[in-house]
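Novice: The residues making up each chain are set out below.
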Amino acid sequence: MPARIVSLFRNLLRKNTVEQALDDELQCSVDLLTEEKRKGGLSRSEARRQALIELGGVEQVKEQVRAMRVGRLLEDFAKDVCYAFRTLAKSPSFSAAAIVTLALGIGATTAVFSVVNTVLLNPLPYSEPDRLVTVVSLWVTGGLRPFPLSYPDFFDFRVKNHVFQNLVTSRDANLVMTGVGTPQQLDGEMVTWDLFSALGIQPEVGRAFLPSEEAAGTHVVVLSHTLWQTQFGGDRGIVGRMITLDRKPYTVVGVAPASFAFPVDKPNTQLWTTIAADREAPPGDEPVTEQRGTHNLRALGRLKRGVTVEQARADLNLIAAALAKQYPDSNRNISQAAVQPELKTVVWGSRAPLLILFGAVGLVLLIACANIANLLLVRMASREHEMAVRAAMGASRGRVIRQLLTESLLLAILGAAAGLLLAEYAMDVVLPLGGEGIPRLAQASIDARALGFSVLLAFLTSVFFGLAPALQASKVDFVSSLKEGGRASTRKHCRLRGALVISQVTLGLVLVSGAGLLMASFLRLETSDLGLRTDHLLTFSFSLPEPQYSTAQEIAFYDQLLKRLRTLPGVESAAGVWPLPLGRTNATAPFNIDERPVATANRPSARMAFATPAYFSTAGIPLLKGRFFNDHDDTKSPLVLIVNRAFAEEYFPGEDVIGKGITPGVTGPGEKKESPHEIVGIVGSAKLVPMDVEPMPTYYFAYKQLPWMPPAVMLRTDVPPRVLESAVREQMAALDSMVPVFQVSTMEELLSAQVSEPRFYTVLFGCFAGIALLLAVVGLYGVMAYSVTRRTREIGVRLALGADRSAVLSMVMKQAMVLLVVGLGLGLATSLATGRFLRSMLYSVSAANPAIFGFAGLLVGLTGLLAAYLPARQATRVDPMVALRCE
Amino acid sequence: MGEKRTNLLRGTLDLLILKALSLEPLHGVGISRRITQVTKGAFQVSFGSLFPSLHRMEEKGWVEAEWRSSENNRRAKYYRLTSSGRTQLKIEERDWNQVVKIMTAAVESA
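The listed protein sequences derive, respectively, from chains A and B. Using this note's numbering, the first residue of the first sequence is number 192, and each one after it goes up by one. Using this note's numbering, the first residue of the second sequence is number 35, and each one after it goes up by one.
No lab work stands behind these hints, which were simulated from the structure alone. Certain hints may be false.
[Claimed, not checked] Beta-carbon label-pair distances, calculated as ranges:
| hint | chain 1 | residue 1 | chain 2 | residue 2 | range |
| --- | --- | --- | --- | --- | --- |
| 1 | B | Ser56 | A | Lys281 | 52 to 60 angstroms |
| 2 | A | Leu264 | B | Val141 | 38 to 46 angstroms |
| 3 | B | Ile136 | A | Leu546 | 54 to 62 angstroms |
| 4 | A | Arg263 | B | Trp101 | 33 to 41 angstroms |
| 5 | A | Ile244 | B | Thr73 | 20 to 28 angstroms |
| 6 | A | Lys281 | B | Thr73 | 51 to 59 angstroms |
| 7 | A | Arg257 | B | Ile136 | 34 to 42 angstroms |
| 8 | A | Ile244 | B | Val141 | 31 to 39 angstroms |
| 9 | A | Lys281 | B | Lys74 | 31 to 39 angstroms |
C-beta atoms are modelled at their ideal positions from N, C-alpha and C, and glycine is treated no differently.
Please model the entire structure based on the sequences and the hints provided.
Specialist: Encoded structure:
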């Protein structure tokens, strides 16, 4: 083989020498042959003629030798690329159209692929992420559903399992840091001691937690790299220092590395502390770590090497079943456990919509390819002459196809390059729309994998759109096309182009219908009646540190605060509620209806909230019957509840609920026994979560009768709500300068954040449908315009023979209508068949929606007709004299 | 001319060229004449096949070329077998004999 490699280099690099030697050799051979013939008695010139005949032509032999050489393919390719550059440069409008089309297709596809890659495919940023699994309980009655763990169940799982190297748990825990700058609320996570070793992460400074640091009374914390840098100036001496969190001293034991993010969907978590704080409780109360009925945890397990998810599930199911037997009151309904790969949990909600989006953008790319195939076919028709000349000069069919595919490849590479730039730019604009609902979305960028993907796309698309035209061109019957000056119109071209346009219209309609569904759904979501007035509302939260503020002091503080806020100019009313409507939290609690009680495990559950008296009027929720809460609804008065209309209709259909008794399964601080409450009012059904199709049954407690914590504050203003933010902070500081105000937000901002995910998908899908429609219409226009040009002479003859101009118009339009109608028919059928893929993304809109599909069809049809009308009108303006003379 | 026949002839041509060069170095015309001579005129090798074959064998390193003056003092490119060319010749001879044996047996059995 080395001989061949040497030859390859010689052939490519020292081409002139090689050619010269070949020339010499052949000339010498001619001379030798001539001499031989002369010896046979021929004249000099006759001998030479005979010699040349015997050799078979010097140039022909040379060409045969060249075809034999190594590196010939490479050399041809280089020649083809040069030639392709020249051809593309010669028709700049064609090249520009093709490159822009491809840039749109490849750019959009690459951008969506980067998102899919980052969000769905990238492994979790921990060591050996394949061995990480999520563990939760499984609710088994009325269909299986995942259910958060309780601490005692978690401890049992941790001790009794045989499958995990580590089993850790985490829950959100926000802590107020004082003593460093202004007091501020930090996003923290309360975890078991071995979180860091379970994830295989070493702290950057200091150490991770110790097993003993889970014990009650220990206060230790690991800081995030960012918090360490911004609040402590990156001081390495921080380890061992005390900081004040919730007015208690915590020892800093370590700093996490900059790249560390846990949980994955909360990358801005600022500190981690141990579950020690959950082991503490006010005297008389049971700490949450002992309450088997309180479910607020999820667990993360690192499987032992070689253990499968199925084995882990089987092992935990045994433990869960044993616990259900041992503690029937709390565990009867959670006799199983759910185990699945952690990555699957993280991307759970984003997987389907992102894959749908990826499919949609793939269709856009297909339409773009069809467009370019069409453009190429038009070009091929005008290059028939060139191809015929090539064939006549001895180019083989394969050689012609290779050259044409090289042109396609060059186009695709240029298109991909432009597409990458486009994708880079588009991602900067579009990604922020996604909000925080899609995990890891903000990290999406065009990395090596996305780059490789776009290069692959370039190759695939070039074959896809280039092969058909190339095959067609290589079949040229060169005699007839040379004779007829390139007007030997091929019927096959027309049929292929028609098929391409039909498929474009079909795919275009599928995308437009899909976008229509999403837009209708999003509009419904945006305009759905939430049951409360979201304008002119400012909300914020705060928390009071426990030992300093007893429950009574907390209530007094809250009264004070509301009183001060009401006096602010611009504030109409002030109230408190927890959980905040349209916030990310909601709470559910079981209850018993006093007149028909059931066993504890079978109690119904509904959304719950607690509120101050002015809440309903502040939020704009109407009173339907009975009364609102008032200031006398405290622990000294009878316990009361307000329910919404949905609750009344669900649990007391056809009855008057005022005066009915209910015993909720929740109790205030320090209370042991569940107490009966009386329903005193019915309010309108407000939706606390905009995605709920119907408002959920909800029951409200009076804050003073269930003072779990100070509720979020809600202000109704008669000025733009944000204006009041600084005044609110001042009022709070005047009451207690150590209490930070956080999550300041207007209600409209909250709503907007809640719908950011559907908005993201709708905007993207809408853009893709727009591009698809544009490309499909341009494709139709191109085919019609071309067909009119080709038929200029025919139309001229018709007009000369007395055809009406309107007859010409309708002739051309008919041709377009056939393409459109077939495309629309196929498109409608496909939309109906594929609409169900969108079902999970739709809000109170049916996936098989004739009205929307009809509208989409109308839109595509009308724009298509418009695109066809322009060339048709052109056809009627043909001057018969000019058309007939233009031969 | 069917494709199979061409392939057979191309393989045969390689063998004939190697065989021709196994005795002494020759130039292109000389090889052609030698083949005609040893096949008693049965094969007239066209130069359009001979030169491409020769150049391919040169690229493979089976033959090497040098410019020399010919018997009647003309400059000519002479080809000579290399050691890998000799090995190749042995391989091709063995293959050929095998083909002949198999074909003969096949034809006679019919």
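Novice: Could you run down the list of hints and mark each one as holding or not?
Specialist: Hints versus structure:
{"no.": "1", "hint": "B:Ser56 <-> A:Lys281: 52 to 60 angstroms", "verdict": "55 angstroms, holds"}
{"no.": "2", "hint": "A:Leu264 <-> B:Val141: 38 to 46 angstroms", "verdict": "40 angstroms, holds"}
{"no.": "3", "hint": "B:Ile136 <-> A:Leu546: 54 to 62 angstroms", "verdict": "59 angstroms, holds"}
{"no.": "4", "hint": "A:Arg263 <-> B:Trp101: 33 to 41 angstroms", "verdict": "25 angstroms, violated"}
{"no.": "5", "hint": "A:Ile244 <-> B:Thr73: 20 to 28 angstroms", "verdict": "21 angstroms, holds"}
{"no.": "6", "hint": "A:Lys281 <-> B:Thr73: 51 to 59 angstroms", "verdict": "54 angstroms, holds"}
{"no.": "7", "hint": "A:Arg257 <-> B:Ile136: 34 to 42 angstroms", "verdict": "36 angstroms, holds"}
{"no.": "8", "hint": "A:Ile244 <-> B:Val141: 31 to 39 angstroms", "verdict": "37 angstroms, holds"}
{"no.": "9", "hint": "A:Lys281 <-> B:Lys74: 31 to 39 angstroms", "verdict": "58 angstroms, violated"}
Violation of the numbered hints given earlier is confined to hints 4 and 9; the remaining hints are satisfied by the structure.
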